[in-house]
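2 protein chains.
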Amino acid sequence: MTKAVILLSGGMDSCVTAAIARDQGYELCFLHLTYGQLTSERERRAFDAITDHWGVRERFVVATDHLSRIGGSSLTDSSLTVTDADLEADGIPSSYVPFRNANILSMAVSWAEVLGAEAVFIGAVEEDSSGYPDCRPAFYDAFNRVIELGTRPETNIVIRTPIIKMSKTQIIREGLRLDAPLHLTWSCYRAEDKACGTCDSCALRLRAFEELGEKDPIPYHERPSYLKK
Amino acid sequence: MTKAVILLSGGMDSCVTAAIARDQGYELCFLHLTYGQLTSERERRAFDAITDHWGVRERFVVATDHLSRIGGSSLTDSSLTVTDADLEADGIPSSYVPFRNANILSMAVSWAEVLGAEAVFIGAVEEDSSGYPDCRPAFYDAFNRVIELGTRPETNIVIRTPIIKMSKTQIIREGLRLDAPLHLTWSCYRAEDKACGTCDSCALRLRAFEELGEKDPIPYHERPSYLKK
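Chains as they are written, first to last, in the numbering used here: chain A, 2 to 230; chain B, 2 to 230.
If you're looking for bench data, these hints aren't it; they were derived computationally from the structure.
Warning: the hint list may mix true and false statements.
Said to hold, decoys possible - Label pairs and their calculated CB-CB ranges:
1. B:Ala64 x A:Lys166: 37 to 47 Å
2. A:Asp49 x B:Asp142: 38 to 48 Å
3. B:Lys195 x A:Glu28: 45 to 55 Å
4. A:Asp142 x B:Val159: 18 to 28 Å
5. B:Ala64 x A:Arg58: 26 to 36 Å
6. B:Leu177 x A:Trp55: 57 to 67 Å
7. B:His54 x A:Pro218: 55 to 65 Å
8. B:Pro218 x A:Asp142: 44 to 54 Å
9. B:Asp180 x A:Arg70: 30 to 40 Å
10. A:Trp55 x B:Lys166: 30 to 40 Å
11. A:Ser168 x B:Val159: 52 to 62 Å
12. A:Lys166 x B:Pro220: 21 to 31 Å
13. B:Val159 x A:Glu193: 53 to 63 Å
14. A:Arg70 x B:Asp142: 24 to 34 Å
As the list claims (entries may be wrong) - Facing chain B, according to a computed beta carbon distance under 10 Å, are these residues of chain A, among others:
15. Gly12
16. Val98
17. Val110
18. Ala139
Ideal Cβ placement from N, Cα and C applies to all residues, glycine included.
With the sequences and hints as input, model every part of the structure.
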């Protein structure tokens with residue numbers, strides 16, 4: 002079996018991405034990054050639960066504090082407030098961590114080169130990422146060129162972004178079709194016991210489940226008022 | 002003054018690179034990475050000494066263990082032996098850390114975006130890097146494209162590699178011309194008290210000083226036998 006490194010945050014997008022890689026026949030190798038995000042412990046628990054669910058043997062957890070020490074994002078800087086979702090707003094949200102995905106992909110490629118893996122899967126989503134510059138297909142195309150030039154000639158590692166063009170609704174539909182353990186995932190940027198229901202990440206998730214007429218299997222503190230059901 | 006992030010390992014190449022950035026009028030911001038290399042404490046001391054020498058205020062030290070835990074290099078894996086130099090050999094040496102420079106550049110760009118810096122200087126050298134794939138100009142060109150696509154639209158960060166085409170001899174000549182504190186630098190891959198004199202890095206350095214008819218100001222355990230003087 003060909004190995005693939007999967008960046009598994011513990012959220013829904015990366016869980017569905019892993020289900021797609023698994024469906025394509027790859028041997029899964031899960032990489033999780035704790036970079037000082039405020040909900041890192043909760044995400045780590047979700048990572049462990051999903052890893053155990055699929056019995057994945059190759060797992061690697063990297064703890065790094067440089068992104069939170071560099072600062073600039075409400076996701077890692079507790080002095081900044083995680084704002085309530087405004088799904089109509091343009092621009093880059095306060096939760097943007099500068100150049101985060103390049104940091105994460107670089108780690109994944111280093112590990113992939115040592116494992117002999119041929120793919121790195123990341124659950125980046127262009128539409129729902131609400132303007133993060135490092136979630137667009139052109140960014141990944143450019144990164145693939147860096148990998149081609151910056152690794153040993155005999156390696157053949159390519160970044161895969163199978164859900165990048167999907168809406169959140171399509172992602173959930175795909176997850177349900179592939180029997181991904183969505184009940185074990187965690188998306189909230191704010192809380193660790195029950196999801197807050199009102200941050201960007203919760204709002205996108207809840208709205209998508211509603212559109213599908215499905216119930217999100219994880220518990221919430223509150224459901225945002227703009228959801229009708 | 003325009004800020005520039007300088008990747009300062011504590012070695013001679015990065016010290017001369019910093020001297021060039023300083024000469025070009027940039028405000029220096031020094032980034033040092035401890036990634037589990039065997040001589041990390043000695044390199045950190047060199048970093049501190051060079052930083053103090055120039056009175057640099059913006060300094061940032063990142064300690065990360067993921068590259069050593071991923072393994073695959075004699076620089077970070079104490080179970081592998083740092084081989085003696087064979088300056089005529091082709092291929093990628095055992096000291097290669099998979100995709101290391103992409104990891105380091107990603108960190109530097111994240112910091113540069115928060116600082117509002119407009120350049121990231123790295124002392125990569127094509128010729129003397131003896132085959133590391135991530136030390137070639139094409140790799141940096143490709144990385145600049147990733148930065149352009151993966152950072153906020155208003156940022157304008159470019160990787161600079163001012164010594165990439167220089168020989169070690171030219172680098173030392175440039176360092177002497179710009180009064181770079183070469184006596185404070187550390188290059189050896191193996192030892193921490195006196196430089197070993199026989200690893201790749203020591204051999205390249207000693208040969209270059211010899212070619213210039215200058216004496217390397219740092220102490221050595223031994224001088225390799227192929228040096229005549």
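Quick check: which numbered hints come out false for this structure?
-> 10, 11, 12, 13, 15
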